[in-house]
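Number of protein chains: 2
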Amino acid sequence: MGSNIELLHGDIVYSESGDSLTVRENAILAVEDGKVRDIYAPDALPEDLRPLPVTDYGRSLIIPAFTDMHVHAPQYEERGIRMDLLLSDWLNQCTFPEEAKFADPDYARLVYRQFAQDLVRQGTLHAVVFATLHAGATDILMDLLEEQGIDAFVGKVNMDIHSPDFLCETAEESLRGTEAWLERHSGTESRVRPILTPRFAPTCSFPLLQGLGALAKKYHTGVQTHLVESKWEAAESVSMYPECGSDAGIYERAGLLGEGPSIFAHVIFPTAEDLRIMKKYGSFAVHCPDATTNIIAGIAPVAAEQAEGIRVALGSDVGAGHSLAVYRQAARAVQLSKLKEFYEPAESGTISFADAFYMATKEGGSLFGKTGSFEKGYDFDALVITGQEDAGVPLDAAGRLERFCYTGDDRDIAARYMRGKKM
Amino acid sequence: MGSNIELLHGDIVYSESGDSLTVRENAILAVEDGKVRDIYAPDALPEDLRPLPVTDYGRSLIIPAFTDMHVHAPQYEERGIRMDLLLSDWLNQCTFPEEAKFADPDYARLVYRQFAQDLVRQGTLHAVVFATLHAGATDILMDLLEEQGIDAFVGKVNMDIHSPDFLCETAEESLRGTEAWLERHSGTESRVRPILTPRFAPTCSFPLLQGLGALAKKYHTGVQTHLVESKWEAAESVSMYPECGSDAGIYERAGLLGEGPSIFAHVIFPTAEDLRIMKKYGSFAVHCPDATTNIIAGIAPVAAEQAEGIRVALGSDVGAGHSLAVYRQAARAVQLSKLKEFYEPAESGTISFADAFYMATKEGGSLFGKTGSFEKGYDFDALVITGQEDAGVPLDAAGRLERFCYTGDDRDIAARYMRGKKM
Chain R
1066 MGSNIELLHG DIVYSESGDS LTVRENAILA VEDGKVRDIY APDALPEDLR
1116 PLPVTDYGRS LIIPAFTDMH VHAPQYEERG IRMDLLLSDW LNQCTFPEEA
1166 KFADPDYARL VYRQFAQDLV RQGTLHAVVF ATLHAGATDI LMDLLEEQGI
1216 DAFVGKVNMD IHSPDFLCET AEESLRGTEA WLERHSGTES RVRPILTPRF
1266 APTCSFPLLQ GLGALAKKYH TGVQTHLVES KWEAAESVSM YPECGSDAGI
1316 YERAGLLGEG PSIFAHVIFP TAEDLRIMKK YGSFAVHCPD ATTNIIAGIA
1366 PVAAEQAEGI RVALGSDVGA GHSLAVYRQA ARAVQLSKLK EFYEPAESGT
1416 ISFADAFYMA TKEGGSLFGK TGSFEKGYDF DALVITGQED AGVPLDAAGR
1466 LERFCYTGDD RDIAARYMRG KKM
Chain L
1066 MGSNIELLHG DIVYSESGDS LTVRENAILA VEDGKVRDIY APDALPEDLR
1116 PLPVTDYGRS LIIPAFTDMH VHAPQYEERG IRMDLLLSDW LNQCTFPEEA
1166 KFADPDYARL VYRQFAQDLV RQGTLHAVVF ATLHAGATDI LMDLLEEQGI
1216 DAFVGKVNMD IHSPDFLCET AEESLRGTEA WLERHSGTES RVRPILTPRF
1266 APTCSFPLLQ GLGALAKKYH TGVQTHLVES KWEAAESVSM YPECGSDAGI
1316 YERAGLLGEG PSIFAHVIFP TAEDLRIMKK YGSFAVHCPD ATTNIIAGIA
1366 PVAAEQAEGI RVALGSDVGA GHSLAVYRQA ARAVQLSKLK EFYEPAESGT
1416 ISFADAFYMA TKEGGSLFGK TGSFEKGYDF DALVITGQED AGVPLDAAGR
1466 LERFCYTGDD RDIAARYMRG KKM
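So the protein lines, in turn, are chains R and L. Using the numbering used here, read the first sequence as starting at 1066 and increasing by one per residue. Using the numbering used here, read the second sequence as starting at 1066 and increasing by one per residue.
Take these hints with a grain of salt, some might be off.
In this list, chains with the same sequence are indistinguishable; a pair is considered to hold if it fits within one copy or across any two.
[To be verified] The list that follows gives simulated cross-link-like pairs (lysine to aspartate or glutamate, EDC-like), each with its CA atoms no further than 20 Å apart:
1. Lys1166 <-> Glu1454
2. Lys1435 <-> Asp1098
3. Lys1487 <-> Asp1098
4. Lys1166 <-> Asp1461
5. Lys1441 <-> Glu1112
Calculated from the structure, these hints are not laboratory results.
Make the full structure from the sequences, and use the hints.
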C-alpha cells in the first residue's frame, strides 16, 4: 500500500525562525501521511506528484495553525466583561465565583463545549489549558477537546491556601484528587494530556507543591502555572517562600521541574534567578499581551527573555484576555513591544511581526512535537486564510498575513487541517 | 398632518455622562420626527403611543451610533500592514507614497468607496476625516460619504514644507486650492462639511497657516490637525515656531481657532499652555489608542485632560490605527489607561468602560449637534447590537455592550438608524 499524498495550492507562509517569514506565493504543498513532504513551484512538481489532483486555494494563504499556550477554559464566560477591574478585584469579584460553578457538571459541559468549539473556530489547534480544581469537570473538558480533534495539555487546578472557602481544597484532598485524575489519563493514546497545574505560589502550600512534585516524578508529568505575573504576586511568592530565592525557585525546590515540560504564564517581572531556572529546564514563558493590558499591569520583557535564550510563546489568557484569537495576540505583541520600548528602552528593542507570528506558531507548537511550521517532516496542522485585500488593491502574502492578524477574524479561516486531515 | 412616530423595543443603553451607563432593559424607545421622544417600560406607554406598532428587537441592544473623530481615508489600504515600523519610517516608506496615489481620481474612487462603506458597516455614522492634499479626490470622498448618508467633516490636507516632492504644494497653490474647495462646499445643506486640515505644524509654513486662518474667518470654518502626537513632533513644532510658545499656540496665532470647532488628534504630550488654549476654544482632544500603540509611541493623558475640562473623544486613526471599529477603541482606551497608570501613576487614575463608551458616542457626537445619546430630543442615530451571550449563560445589557466593544464585530450590528431612518 502506497502512502497517502495530498497536494494543496496557495500562497504559503510559515516561520523557520523569528527572524523572517518564509513566503512561497503560488506554490504547491505536498502532504504525505499527514506531514509536510515539501513545497514546490507549480511547474516544478516531481514526476510522482504530477498525476495527482490539486486542491486549489487560489491566492488564499496556507499557514500553520496557532498554538494557545495559556488559556483558562472556565473563564470563558468572563471574556470582555468587567475588564476595567484590576487583578485582585477581578479574581475575587468575578473569577473565583465563576470557577466555583464548575462543581456542576452540567454547567461545565455547557461552557466547555462552547469553549472547545470556539477555540477551533479561531484556528487554535494546540492549546495549554487551565480547568478548575474540579477533577470531574476537568475530565469533561478533556473529552470535549478530544472530540474537537485538537492537541492539548489540560490541568486540574491545585489551590489549598489563601483561596475562598467555595474554591479551595486541603492539600491532601487536592493531591488525592490529582493522582486519581492522573491515573485516569495515564497510559492512554489521547492527544489531550494532563499537566500539573498549581494555580500560583500564593494559593499553594509547600506540602501541596511537594506532593505535586512527587506526582510529577511518578507520572512523568509537566507543570504549568503563573510566574511573576504581577508585582504583588512576585513579592508575595518570595515572601511566602524566602528559602526558594525566586518564584521559579519554588517550583524547582518542590521537584516540579524537569519531569516534563514547564510552562510559565506571563513572566513579567522575572529576576535573573527566574530566568536562569527557566533556561535550565527549557521552560516556556507565555506572553499574553491582552491579558497583561486588561487585568495585570505591566509588559513582559519578551525581547530580553528571548535574548537570554528563553522560549517565549503566546497565550490568549481568556478570561483576563478577552479573545481566543491567538493571531490577534501576535499583533498585540508587536504593539506592546512598542510601548515597552517607549517606557523602558532596552537594547533588545521591539518585536517584529515575523517574530510575533513565529511565537504564535512554531515556538508554541514545539511543545507538541513537530508542528507550527511547514518545514519538511512537520505535521500538516494548518489553516487556509481568505480575503484581506480590497477590490482592486493587491497585497502580497506577507501583507495579507499581517493584516489578518491585525484585523481578520474567524470568517477568514476557510479551512483547518489537523495532521493532514481536513477538519 | 401628524408627526412621524416609530417605536422600538429592546435593551437600551446610552450615556448621559462619563460616570455611568444609562441602562433600560426591556424598554420601548419612541422616535418622533427622527428624534428621541422618550423611553418607556412596555406597560407604561402613554395613551397616544399604545395603538402604534412596535419594532421588536427582543433582547438586542439599542445604542447610539459611534463617532470617529480622527481617521485618514487615504490610508485605508495601509491598515494592518507594516505595523512594526515607527512613525517617521511609516510616514516616509508607506503613507506619503500611498497618499500620492490620490492624484488619480479613479484610485481615489476605488479606495474611498470601500472606506465609506466600511465606515458605516462598523457603525460609525459621524466622522472627522483627513483626505489628501488633492482637492479633486477630496470632493470624491465627500460625495461618497454623502451617498452613505452619514455626517462628516472632511479636510483637504495642507502641507507645503518638509514634505516629499511628490506630495507637496506651495503655500500659494495650497491656499488657492483650499479656497476654491471651500467655495464649492459653502452654502450647501450637505451634512458632509469641509474643515481646514493643516497636516501638522512640521509640514506647514507660517504663511500657509496664516492664510488658512484668514480662510477660517472668511468661511467660518473649523480646523483639525495633529497636536503633540510624538515627542519629535512636539519638539519640532515648538522649535520651528518658538514665538508661539506651544504647539496649540501655533494655530491660535495663525488665527485658526475660534471660527469653528477645533479638533486635535492624539495630544499625547501637552504642555499646560496647550491645555489652556484647548480649553479656551472648547477644542476636542482625540484619543486614538490603537494608533498610539502601533506607530506613535506614548499614551495620551486622557484622564488628566478630562480633569482639566478638555473634551476627549475617540478616533480610529486608520491607517496608523488598523481598524475602523470605534467600539474597539473604547475597549482599547480602558486597556491603555491601565498601562498608563502602571507606568505613570496619576491622581486621575484609569478610565472606566462607561467613560470610554461616553467618549465614543456622546462626547464625540457633540461635535455634530445633539447625537450620541438617547436623552430626549437627541437625533436617533443608533445601532442594534445582537448576540454576545453564549447558550445558556445570560449576561446583562451592560455586560453585553462591554463584550461587544471588546470582542464583537460588524456581524453583530443588525441595524443602523440615522435620524430615525433605518439605513
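(request) Tell me, in ascending order, the numbers of any earlier hints that this structure violates. (result) none
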